[in-house]
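Asker: Protein sequences appear in the order of chains L and X. Numbering of the first sequence is given in my numbering, commencing with residue 50 and proceeding in unit increments. Numbering of the second sequence is given in my numbering, commencing with residue 50 and proceeding in unit increments.
Quick caveat, the hints were computed from the structure, so don't treat them as lab data. Do not rely on the hints blindly, as some may be mistaken.
In this list, chains with the same sequence are indistinguishable; a pair is considered to hold if it fits within one copy or across any two.
As the list claims (entries may be wrong) - Mimicking BS3-like on lysine-lysine, the simulated pairs with C-alpha atoms at most 25 Å apart in a straight line are:
id, residue 1, residue 2
1, K52, K208
2, K331, K363
3, K363, K374
4, K347, K52
5, K52, K241
6, K338, K363
2 protein chains.
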Amino acid sequence: MSKPISLAIIGATGGVGSAFISALPSIRLPPSTAAPQLIFLSRSNQQLYDSSYAAVSPSSLASSDAKLLSLPDIASYLASAPSKVVLIDNTSSQDVAEAYPLFLSEGVSVITPNKKAFSGSLRLWDDIFAATSRNALVYHESSVGAGLPIISTLNDLLKTGDQVTRIEGVFSGTMSFLFNTFAPAAGGSGGKWSEIVAQAKAAGYTEPDPRDDLNGMDVARKCVILARVAGLKVAGTDAFPIQSLIPKALESAASADEFMQKLPNHDDEMEGYKTEAEKQGKVVRFVGKVDVEKGQVKVGLEMVEQGSPIASLKGSDNLICFYTKRYGANPLVVQGAGAGNDVTAMGVLGDLLKCVERLG
Amino acid sequence: MSKPISLAIIGATGGVGSAFISALPSIRLPPSTAAPQLIFLSRSNQQLYDSSYAAVSPSSLASSDAKLLSLPDIASYLASAPSKVVLIDNTSSQDVAEAYPLFLSEGVSVITPNKKAFSGSLRLWDDIFAATSRNALVYHESSVGAGLPIISTLNDLLKTGDQVTRIEGVFSGTMSFLFNTFAPAAGGSGGKWSEIVAQAKAAGYTEPDPRDDLNGMDVARKCVILARVAGLKVAGTDAFPIQSLIPKALESAASADEFMQKLPNHDDEMEGYKTEAEKQGKVVRFVGKVDVEKGQVKVGLEMVEQGSPIASLKGSDNLICFYTKRYGANPLVVQGAGAGNDVTAMGVLGDLLKCVERLG
C-alpha cells in the first residue's frame, strides 16, 4: 500500500467544492493505493487544518476557529507535509490563481476548474508551467467544458505528435441554450430573443446579470486556454475580436434589471441575424474559433450549416471540434453538458486520479 | 532524468506498427523523462533483440537472423530487462492476446489495439486484469474507436463515481459509411444497398470479404469490451443478439465474389428497412447498444430520429454516446474517425504516454 496523498481544498463549500467532497469517497483508486487524506480545507472566512497534518473532516470546517493562513503561509504549511500534496482550487479567485507558481515551486500539485489562471496574463501561464516538475503537476480539465474530455483530448493529440490545425465549437452552455432555442435547427422559433434571455435567466441558466454571459468573455477565456494549450502565445482576451451580444445602447445600463427591461427594444438586431442565416439555409450560433495554423482566435456569431454538429446541438450542451492532420476533413468531436457542479467536480476528480496515478 | 522505459513491439511492420514507429520520435514526453528505448521488435517470421538489452533499430529488423523466441521466452527475456518494460501488441493475434497474463505477471505492461484479448473469453479478461499491478499496467484505448477517447472517457466516468446507465453508438467505420450513404439524414438516396457495398469494397472501406463487416461481429466485439469496462460480466459475443446483414441465402456463398454477385438479389430487404424508417420520419442505422442497468447488449439495425447525433453522422465516422447519472438526459458524445492506421497508432501512443507517466 502506497503512502496516501494529502489533499488541500480551497473553496471547499461552494457548489463545485461540495460536489467534489461528496463524490470523493466513491472514486475508484488504482490497486494498492491509499485513499487521499484531507489535510487542509478553507472557505471564505474559515480554515481547517492540523499542525501535525492529521486528517481533517469537512463537517468540522463550519465550526473551525483556526487562525487564518495567508496563501504563502498555506504554501509553507503544505510544503512541510510528510506526504505528497495536491491543492484543489475550487474557487474562481484571481488571488489563488496567482499563487499557483508558489505552490508548485514548493512541490504542491495543483488541480482546478478556475479559468483565471489559464486565461489571464501570459506571464502567469508561463510561470505556472515553468514551476511544474515531476512531483508538482498541474491539471485543469474542468477549466473548459467542465467534465468533458477536452483539455485531455487536446493534450493527447498534441503529445502523440498530431498537428491540431483548428479548434471550434460552442463553449458556453448559456449561449448554447439561447441559440438552440432562438434558432432551432429544425426551423421555426422559440420566441423573441429578449424573451428567451429572460426565460434562461429565470431558469438560472445565465449569470445573475445576463450581460456576464452575453459579453462573450466566458467563451473568450476558454478559447484563450485552448489556444495556449495548442501552443499559441495568446496575450489574453484583449488580443482578438470578441463579438458582444450586449447592444451598444445598453452597455451603460445601470443594472441587470434595467438591461432586461430595455433588451426587447433590440430584438430586431438578433432577428436580423436569424433571418439572414435562414436565407442561406443556415442557423446562427455563438461560436469560438481557434485557428492554430494562422494563430488567430475569434469569438462571435457564425452562420452554421444545417445538419452540422454545431447546428444540431440540443439543450445547453457544449460541443468542441478538433480539426487535425491525422483526423483529416472530419473533426474529432466531443459533446455534452459543459457546466454544472457535478460534472465540473467530475473533471476535478478525474484530474485527481491522474495525479494519484502519477504521484502515488 | 529518469531511467528510460524499454519497449517491445510485436507486429512492428504492419499498418499500425509502422505508423506507431514512425510517430514515436515525435511524442512529447513529460519533463525530465528519457525517451523509451526499443529492445525487442518482431514481425511474422523475424525478431530483433540484443542479449544485453541494447537498443535496437527498426531498420535492422528486415535483415535480422536472430533466433525466434516463443511467447514465454519473450516474456522471460523482457522480465529480466534492467528497466521497466512496456509490450506493444500491434497484431490482432489470439496467441499473443492469450499471453498477456503471463507478460503482466512478469511485470511487463501491455498496450494494444488488439480486440481479441478483451472481447474473447471472460476468463482471459479476468486473468488479464488480475495480473495487473503497480508496475504492470494494461491500456487498450484503440481496441474501440481507434484513437478516439472512448475507453479512457468511460473509465474516467466510472472511476470518478458516475453511474453509466447506457452506451450506444455507431462503432464501425464501415457500417457508418454504408448507412450514411444508403440512407442520408438529409433524405434522398445514395443508391442501391448492393451498389454501396460494392463501392465501399472498391474504396477499401470494407474487409477484403465484406461479410466480415456485414456480420456485425466487429461491432459486437467492441460492445463486449465497453460492457465489460462498464462492469458487466458478458460471456462473449455469443451471449447477446447480433443482427447480421448477410442475407440468409448468402451465408453459404463460397467466396466474397459470389457473395457480391448475388447481393443485388437481396436489395429489397434493405430498401424495406429504409422505407419503413422514412415512414416514421427516421433513418436506419447499424447501432451497438449496451444497457448497463439492465445488463443487456444488442447489435443491429435501429430506426434513429432525424437530427439525432447518430442520424447526422458523416462519412465513416464513429459516434459513441455515454448516458450517465451525472450527464442526465443528454449524453456525453465522442465522434470522429474510428479506424485507420494513424489514428489507431495515436491511441497506442497516448496509452504509452500514460504508462510513461505512471511508470517513469
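Asker: Look at each hint and say if it fits the structure.
Answerer: So, going through the hints one by one against the coordinates:
1. In this homomeric assembly, K52 and K208 come within 25 Å of each other (Cα to Cα) only across copies, at 20 Å, whereas the closest approach inside a single copy is 30 Å.
2. Taking identical chains as interchangeable, the C-alpha atoms of K331 and K363 lie at most 25 Å apart whether they share a chain (16 Å) or sit on different chains (18 Å).
3. In this assembly of identical chains, the alpha carbons of K363 and K374 lie at most 25 Å apart only when taken from different copies (18 Å versus 28 Å within one copy).
4. Taking the shortest Cα distances, K347 and K52 never come within 25 Å of each other, neither inside one copy (47 Å) nor across copies (43 Å).
5. Proximity of K52 to K241 under the C-alpha cut-off of 25 Å is found in neither arrangement, the shortest distances being 59 Å within a copy and 63 Å between copies.
6. In this assembly of identical chains, the alpha carbons of K338 and K363 lie at most 25 Å apart whether taken from the same copy (20 Å) or from different copies (21 Å).
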